[in-house]
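**Student:** Just need the whole structure built from these sequences, with the hints factored in.
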Amino acid sequence: SQQGEEDPQALSIQEGENATMNCSYKTSINNLQWYRQNSGRGLVHLILIRSNEREKHSGRLRVTLDTSKKSSSLLITASRAADTASYFCATGGGSEKLVFGKGTKLTVNP
Amino acid sequence: DAGVTQSPTHLIKTRGQQVTLRCSPKSGHDTVSWYQQALGQGPQFIFQYYEEEERQRGNFPDRFSGHQFPNYSSELNVNALLLGDSALYLCASSLPSGQNEQFFGPGTRLTVL
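Just so you know, the protein sequences line up as chains Z and A, in that order.
The numbering of the first sequence is our numbering, which starts it at 142 and goes up by one.
The numbering of the second sequence is our numbering, which starts it at 41 and goes up by one.
Keeping only pairs whose Cα atoms sit at most 25 Å apart, straight-line, the calculated SDA-like set for lysine to any residue is:
id: 1; chain 1: Z; residue 1: Lys211; chain 2: A; residue 2: Asn140
id: 2; chain 1: Z; residue 1: Lys243; chain 2: Z; residue 2: Ala226
id: 3; chain 1: Z; residue 1: Lys246; chain 2: A; residue 2: Pro146
id: 4; chain 1: Z; residue 1: Lys243; chain 2: A; residue 2: Phe104
id: 5; chain 1: Z; residue 1: Lys167; chain 2: A; residue 2: Ala78
id: 6; chain 1: Z; residue 1: Lys243; chain 2: A; residue 2: Gly98
id: 7; chain 1: Z; residue 1: Lys246; chain 2: A; residue 2: Ser126
id: 8; chain 1: Z; residue 1: Lys211; chain 2: Z; residue 2: Thr161
id: 9; chain 1: Z; residue 1: Lys243; chain 2: A; residue 2: Asp125
id: 10; chain 1: Z; residue 1: Lys246; chain 2: A; residue 2: Gly80
id: 11; chain 1: Z; residue 1: Lys243; chain 2: A; residue 2: Gln81
id: 12; chain 1: Z; residue 1: Lys243; chain 2: A; residue 2: His50
id: 13; chain 1: Z; residue 1: Lys243; chain 2: A; residue 2: Leu123
id: 14; chain 1: Z; residue 1: Lys243; chain 2: A; residue 2: Leu128
id: 15; chain 1: Z; residue 1: Lys246; chain 2: A; residue 2: Arg149
id: 16; chain 1: Z; residue 1: Lys243; chain 2: A; residue 2: Thr151
id: 17; chain 1: Z; residue 1: Lys197; chain 2: A; residue 2: Leu135
id: 18; chain 1: Z; residue 1: Lys243; chain 2: A; residue 2: Asn140
id: 19; chain 1: Z; residue 1: Lys246; chain 2: A; residue 2: Glu141
id: 20; chain 1: Z; residue 1: Lys246; chain 2: A; residue 2: Leu79
id: 21; chain 1: Z; residue 1: Lys167; chain 2: A; residue 2: Leu79
id: 22; chain 1: Z; residue 1: Lys243; chain 2: A; residue 2: Phe100
id: 23; chain 1: Z; residue 1: Lys243; chain 2: A; residue 2: Thr49
id: 24; chain 1: Z; residue 1: Lys243; chain 2: Z; residue 2: Glu158
id: 25; chain 1: Z; residue 1: Lys167; chain 2: A; residue 2: Gly80
id: 26; chain 1: Z; residue 1: Lys167; chain 2: A; residue 2: Gly98
id: 27; chain 1: Z; residue 1: Lys246; chain 2: A; residue 2: His50
id: 28; chain 1: Z; residue 1: Lys243; chain 2: A; residue 2: Pro101
id: 29; chain 1: Z; residue 1: Lys246; chain 2: Z; residue 2: Ser180
id: 30; chain 1: Z; residue 1: Lys197; chain 2: Z; residue 2: Asp207
id: 31; chain 1: Z; residue 1: Lys243; chain 2: A; residue 2: Leu79
id: 32; chain 1: Z; residue 1: Lys243; chain 2: A; residue 2: Ala127
id: 33; chain 1: Z; residue 1: Lys167; chain 2: A; residue 2: Arg95
id: 34; chain 1: A; residue 1: Lys53; chain 2: Z; residue 2: Ser180
id: 35; chain 1: Z; residue 1: Lys167; chain 2: A; residue 2: Gln81
If you're looking for bench data, these hints aren't it; they were derived computationally from the structure.
Note that the coordinates shown come from a computational prediction; the quantities given were computed from them, not determined experimentally.
**Tutor:** Pasting the structure below:
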């Protein structure tokens, strides 16, 4: 069963624009992680946000977490063609299993 | 610092055969998790190994089994392959305690004909 649900399922933007992806989950969490996957290969870890954090930044990435709404968002600013990938949120980590959503497929057009 | 490695990259098998996939964790990590990712879906947890024992298991049949070696590397074995086992198999490693990142390998693409 899938815990997280990303929204939208697909997103197409122009280079330089911002991309926002949302994730909702069902049960209480200790942390939430975002991953990127290029062309059906391995997942690259982007950022981990803990349940007591509300916002976290890493380079052009900004992640927010609202535990009262059981939701998180990933913002990629000033997008580049190289950001084209599928993005997944996942709850859990470390000794806990990761539970993924179906992902958002982002296309950044040059 | 070597990341998570997996072998082979691609594999083609026929129904009923058995397959073994291999994973070496990131340096310093001793927990290995395996995931199955069908096309267009998010990864699904198969099981996790720590101290050479299966610590958690997802909703997968007994045809899926694993092993962890003293050097923390791991194998995933699938018996009696079905067409539906065609997927990308991902290995992830992590530290066992606390809430830490899991780092993924490049995956093994298994095709069952």
